[in-house]
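**Student:** If you want the building blocks of each chain, they are given just below.
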Amino acid sequence: MSKIQQINRRDFVKLFGLASSGIVLGCNISSDKKGFIPQTEGAFIPNLFVQIQKDGKIILLASRSEMGQGIRTSLASAIADELEADWNYITVKQAVGDAKYGNQNTDGSRSVRTLLLPMRKMGATVKAMLLSAAAKKWEVATTVCKAENHYVINTNNNDKVFFGDLVDEASKIPVPAEETIQLKKVEDFKYIGKTLKSVDLKDFIHGTATYGIDIRIPNMKFAAIARCPVTFGTVKKFTKNKAVKVTGVAGVFELPRLIPPTGKFFGMLGGIAVVADNTWAAFQGKKALDIEWNYGDNYSFDTEKFKEKLTKRIAKKGKLVPGGSGNVNTAFKNSKNIVEATYHVPFLLHAPMEVPNATAWFQGDSIEVWAPVQDPQTARAEIAHFFDVKLENVIVNVTFLGGGFGRKSKSDFVIEAVAISKKINAPVQVVWTREDDVQHSFYHATSAQYLKGSIDENGKVTGWLQRVGFPSIVSSFKPLSDYASGFELGMGFTNTPYKITNFRLESVKAEANLRIGWMRSVVNIQSGFGNNCFIDELAFSAQKDPVEMHLDLIGKDQISKGKSKHPYNSKRMKDVLKNTARKAGWGKKMPENHGLGVAIHYSFYSYVATIVEVSVKNERLKIENIWTTIDCGLALNKDNIINQLEGAAIFGMSIALYGKISVKEGAVAQHNFYDYRMTRMKDIPNIHVDIIDKMHEAPTGVGEPGVPVMAPAICNAIFNATGKRVRSLPISDLGLV
Amino acid sequence: MEKSLSINGKSYTVKVQEEMPLLWAIRDVVGLTGTKFGCGVSQCGACSVLVDGLLTKSCVIPVSFAFGKEIFTIEGTSANLEFLRKAWNDGNVPQCGYCQSGQLIAATSLLDSIKKPTDEDIKTAMSGNICRCGTYTRIRKAIHKAVALKNESR
Ligand code: FES
Ligand code: FES
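Top line first, the protein sequences correspond to chains D and W.
Taking the working numbering as reference, the numbering of the first sequence is continuous, increasing by one, and the terminal residue is 946.
Taking the working numbering as reference, the numbering of the second sequence is continuous, increasing by one, and the terminal residue is 161.
Calculated from the structure, these hints are not laboratory results.
Every residue, glycine too, gets a C-beta built ideally from N, C-alpha and C.
Heads up, some of the hints might be wrong.
As the list claims (entries may be wrong) - Keeping only pairs whose Cα atoms sit at most 30 angstroms apart, straight-line, the calculated DSSO-like set for lysine-lysine is:
1. W:K22 <-> D:K798
2. W:K17 <-> D:K631
3. W:K130 <-> D:K792
4. D:K355 <-> D:K403
As the list claims (entries may be wrong) - Only part of the chain D face toward chain W is listed, based on derived beta-carbon distances under 8 angstroms:
5. L410
6. T456
7. A459
8. E463
9. N487
10. A560
11. N606
12. L610
13. G611
14. G612
15. R643
16. I893
17. I896
To be verified - Distance ranges between label pairs, derived from CB positions:
18. W:D126 <-> D:K847: 22 to 30 angstroms
19. W:G16 <-> D:N297: 26 to 34 angstroms
20. W:D126 <-> D:Q752: 36 to 44 angstroms
21. W:S134 <-> D:G944: 51 to 59 angstroms
22. W:S71 <-> D:R934: 51 to 59 angstroms
23. D:R934 <-> W:V67: 39 to 47 angstroms
For reference, chain W alone in the conformation it holds in the complex:
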């Protein structure tokens, strides 16, 4: 069945089965590989995307759920994501980098909803994302830094 998916403001016509998880539609059908597979069961957050602004583990959501909605992935750009990128860069956050797409998307969602998150907020928002390399303390610091950069830019 041909359907249209809107990803980062761009429309893609895809032939997929409705029940295919959004993750695989993005990676294997559309061909955007920045969104990662880590567990397939909503446990690691590597596949995090925003669907109509809502943080979503794309490995467990059928693609049909996203028809007619706006999908935001690591290939996209937004003000908050750019501040986070800058902070990630300044803090030299990534090691292998594999989890970082998901981490950045989850952090974007956090900043979209809370202007100045506390450590506690970060803990709640980011505990669904595993980093096997263990960059958590840097991620935490970088989120605070992104907020600071944002405030400076005003």
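So here's chain D without its partners, still in its complex pose:
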């Protein structure tokens, strides 16, 4: 981390508004590893900010987007803890998209992982300055002073002074050097590792949180866009007569597709835009359009046929993925017990409750947008690129996100809003209908896997061959990227917790005919499904207990070597599994028609094990109980983590039970929540979450790691209850739900 500095008056007014007073500290944290999307890097400019005002209020500028994961609260709690602040004085302000805030891309479950320490140091620095100010005031040594619950206390005589009353004096004190800053001992944490309510809770329960779709600007218009049902199809011709007659419709025009340069950005699909006085008129106008499309090459795409094609490809030898070991063929030759299975997961959709939307105001050489974006910097850079304005003249205001799950890290909907605002010369809000969201997303890729394993006479797995094919996310940035990339295979295929002497991974070709994107836990969804279902099959064939089988495959206690800040530790993997098994009463006798299934997964550096109890009666599946244990290192905000894991269980249930986007003649066949179904209150089990707290370990991912275990644990439980294997998702295809 670079130096912490005081911010000059001009800059902090820009950041916190005119009424600002007090101390504002900024510091620069080294930006964490970027994905393959290049991001604009700033020169040294502080990127984390904390302000303490005369009235004692402490304001933190949150650099990451809030989409339900509680990040605004988590970051604030780290500062407040080191600062010995009273939680009630904390407010959080959202930062706009700017490289000066470091990497703001809110994905990969990494915000806490990368920001905890810098946040703590910020808090500790402010505290040190307040202590010095008080010491000066009382003319005592700093060591005599201590901070407690928003006061500095003179330990000699118990005099105390309120933080706010020290601000003037403290702002004159030079910022202490980083080396002199002392952080609290883990044992002394007051907020970190405890439970804090979301700083935004009050707004959420009063309907006063402003999401993207709630932005209102004087004289703004609303717009809807009709997009070609087939990905990348274009407008052949259209008639607007009926649409312009709809009351409230102000304009109808074509928006050409914006194709992003190779390797970065998302562009926009284009289509016919309908601008109106209100959202409903825009939707009605869109319905009244008559459009003939040029469907283009993707017209022939059909997910049923694609599934057959992938299944054929994985039946044959594929491209070897480096990192294997031993020789699977010898293992197979020497074994009398060979197990083979093929698994499928369909295309999946994020469907955040708030549809994609953005408000933009194009004003010639400057552009301002308000949008629910996970990655405001990419949105900003992309706007500058496509509309030829200087980056510094683009302002991206980040609103609350009504769910993101990866969908809102793509800025296509923001670009649409800017394009329309430019055309009509007025502020405009583009709102997607739910049907637009279902049919024009960046989908989680469909996948097929073939697995072959061998077992020796002691029930030990001796060989493991896995062939996988799924369209790559890279295809959205580089057309014709037909094989899974290394970073994708690194999510549960090349980094499994299992130690197998003879291991071989192959990848097969899988072309993309839809826009592919990342969705909560990404490739771990299919790797977790294939790995865990297959281990269950191996255990059955070896007549071994599935939990024992997992423990065997994880092997002896071992910490991986290498430079990683978060080395893999096999003991932690086993511990979460053992804990879950204990909590679930694994091994107990089950009521008739009930079954238990287990799955484990290691992702985003966190360890998760889940056991699911199902019942299947009269061909109806019911999920009765879910037990999940996570080890995510230091558990920053406990109840928030539990909430995330509960949510991940529900999200994973939706994938397992209902998740399926299918395509016919190039067009997505689903429309809305009636045919892209979600887990509802009527479906829910009891969910029991355990955290194995490692206060002395670095914090690791929380938002995503709970998802990949769900589908396989459910399917394994169905097998345990009924003797039937589910190898192809979703379960609703079997008529069980």
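For this one, chain D is given, so just place chain W with the ligands on it according to the hints.
**Tutor:** This is chain W with the ligands only, laid out in the frame that chain D set:
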């Protein structure tokens, strides 16, 4: 056509087309944005409001249906809603928060009609509201808690 809409006890004069769904009249014409859009086809409950006390998916009801009636939204307040809010707060229910306006309105309607709902009642009453973040178990718990808080307050 100028008409008057009564929302949370306050009267608003609006110029709308009769067939505009109540949701958009509330959000885009009146300007109260606490009531949310999620699907537009009565599938998710994000747009839930009470019309003369009846739970209504405002995305599929024309605004004309509400003329002369009393509309209750998340911006409003009622005894049951306040107990629910307290319970939502205590149980740290929301994640992204987006569905919670609709969830709270649906739960208010439930408590308005059933004093002490069972899990089964909650299942029936709340299954029209989707929470993509998956806060259902907390919602269920919070509804029971709201009932407990209400009884304590007597
Ligand atoms: S928006 Fe009305 S039910 Fe979904
Ligand atoms: S809290 Fe996000 S959809 Fe319910």
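**Student:** Which of the numbered hints are not met once you compare them with the structure shown?
**Tutor:** 1, 2, 7, 8, 11 and 21
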